[in-house]
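Chemist: Spelled out, the chains give:
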Amino acid sequence: MTPAKSLSRSKPSAVGATTIATSLLTVPTSGRGFVDFTAEVTRFLADAGAKEGAVTLFIRHTSASLTVQENADPTVLDDLMTALDRLAPEDAGWRHDSEGPDDMPAHVKTMLTSTSLHIPVLKGELALGMWQAIYLIEHRARPHRREIVLQFIGAA
Amino acid sequence: MTPAKSLSRSKPSAVGATTIATSLLTVPTSGRGFVDFTAEVTRFLADAGAKEGAVTLFIRHTSASLTVQENADPTVLDDLMTALDRLAPEDAGWRHDSEGPDDMPAHVKTMLTSTSLHIPVLKGELALGMWQAIYLIEHRARPHRREIVLQFIGAA
Amino acid sequence: MTPAKSLSRSKPSAVGATTIATSLLTVPTSGRGFVDFTAEVTRFLADAGAKEGAVTLFIRHTSASLTVQENADPTVLDDLMTALDRLAPEDAGWRHDSEGPDDMPAHVKTMLTSTSLHIPVLKGELALGMWQAIYLIEHRARPHRREIVLQFIGAA
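Residue numbers (numbering that gives the first Met the number 0), protein chains in the order written: chain D, 0 to 155; chain R, 0 to 155; chain P, 0 to 155.
Keep in mind the hints are simulated off the structure, nothing from the lab. Where hints are given, some of them may not hold.
Pairs of lysine-lysine, PhoX-like flavour, derived with a Cα cap of 20 angstroms [what the hints assert, rightly or not]:
hint: 1; chain 1: R; residue 1: 122; chain 2: R; residue 2: 50
hint: 2; chain 1: P; residue 1: 122; chain 2: P; residue 2: 10
hint: 3; chain 1: D; residue 1: 10; chain 2: D; residue 2: 122
hint: 4; chain 1: D; residue 1: 10; chain 2: P; residue 2: 50
hint: 5; chain 1: P; residue 1: 10; chain 2: R; residue 2: 50
hint: 6; chain 1: R; residue 1: 10; chain 2: D; residue 2: 50
With the sequences and hints as input, model every part of the structure.
Modeler: Written out as structure tokens, the structure is:
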């Protein structure tokens, strides 16, 4: 472990927290893969008049999940999918196989990634790093309609 | 990556955020396995008079963790445990072995799943999908008493 | 699955939620490894006058991540790193290799751990368990400067 010697931190800026705005986002997927929905979260924040606070993203499924990942080189997403396939292969002798060979791996991949994310919002903007985007990961082979609850809490 | 073309999103509904309610939940486990404590979170929200907002779940341990997973077919939970055992087997030459062979795998499994979850609450109800339940995962072989902080923030 | 029979839960305590305080923490890393920055989060909460609520931690990178893990025996951290190396080895035939052999494994390890954490704050203190500390995990081989947004929401 590295001692955290030379950290720096900006002074806290404080605002009143007065609003909770909620919206349900429906994302159609075309089967296994990543769907970048960052722009939709940005639009939600604009619609809600969000200024300072945080946005929660919650996916209402157990065979699709959320992640914040690199938005620059698309081969990163290919490799992330490969990594998940290796960690939860279809032919691994799963007991739960009644919904197809891709179903149980989808649950495992969901468990290993995220069902909920929480991202700060500063001056009305997502506090994402330069290379970060917000992705839904569809783990099932076939297209699905996925629901994500978007919720802003903070000052509007 | 799939372009997010045909997303749909409901208009944001907004309420004032005025309350934080906190409770400590103690969950006795009977050793390795999943414990569904969704009903207890629901009761907490009722007791707190929660209406619109979000609930945070935080487990105060590093060898037990949280996940939102399928509540229908119990073999899903068996397979999830198998998946975790394969990703962090006991006989993998861990350096940290002073607390028994199941301890270091328990830390790895905790790292790969969740210590904190954040779930929106709408009209007093958890915004879970139809097949979702909230689980504590006990990763140690023996029974333990586990503490989870429940915290609602929003309008009551 | 174990039925959750003998759970116990304290009565909810409620306060008004009125403040959001935000700060940007910069953490220099010395290459692969864990950096415990719990003390810095504690100082942020003191500076913000935080009393009751929760703190969000969000890392603005896709090749470094966050986790809450054991703070007692340093070999736990060694073993966690070993586990991540086994789950995402460098020589696994990644397509994305233009930024060095450690880059794609870093993205996979980030996906498998956490980009955002949410920890309750009670009476001005992080509600961590006795053995928990908050770590940044640097997944790249070389030193980096990493940015983490700290945000308290609650009563100050």
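Chemist: Next step is simple, just say for each hint if it's right about the structure.
Modeler: Hint check results:
no., hint, verdict
1, R/122 / R/50, "holds (5 angstroms)"
2, P/122 / P/10, "holds (16 angstroms)"
3, D/10 / D/122, "holds (16 angstroms)"
4, D/10 / P/50, "holds (17 angstroms)"
5, P/10 / R/50, "holds (17 angstroms)"
6, R/10 / D/50, "holds (17 angstroms)"
Comparing the model with each earlier hint shows no violations; every hint is respected.
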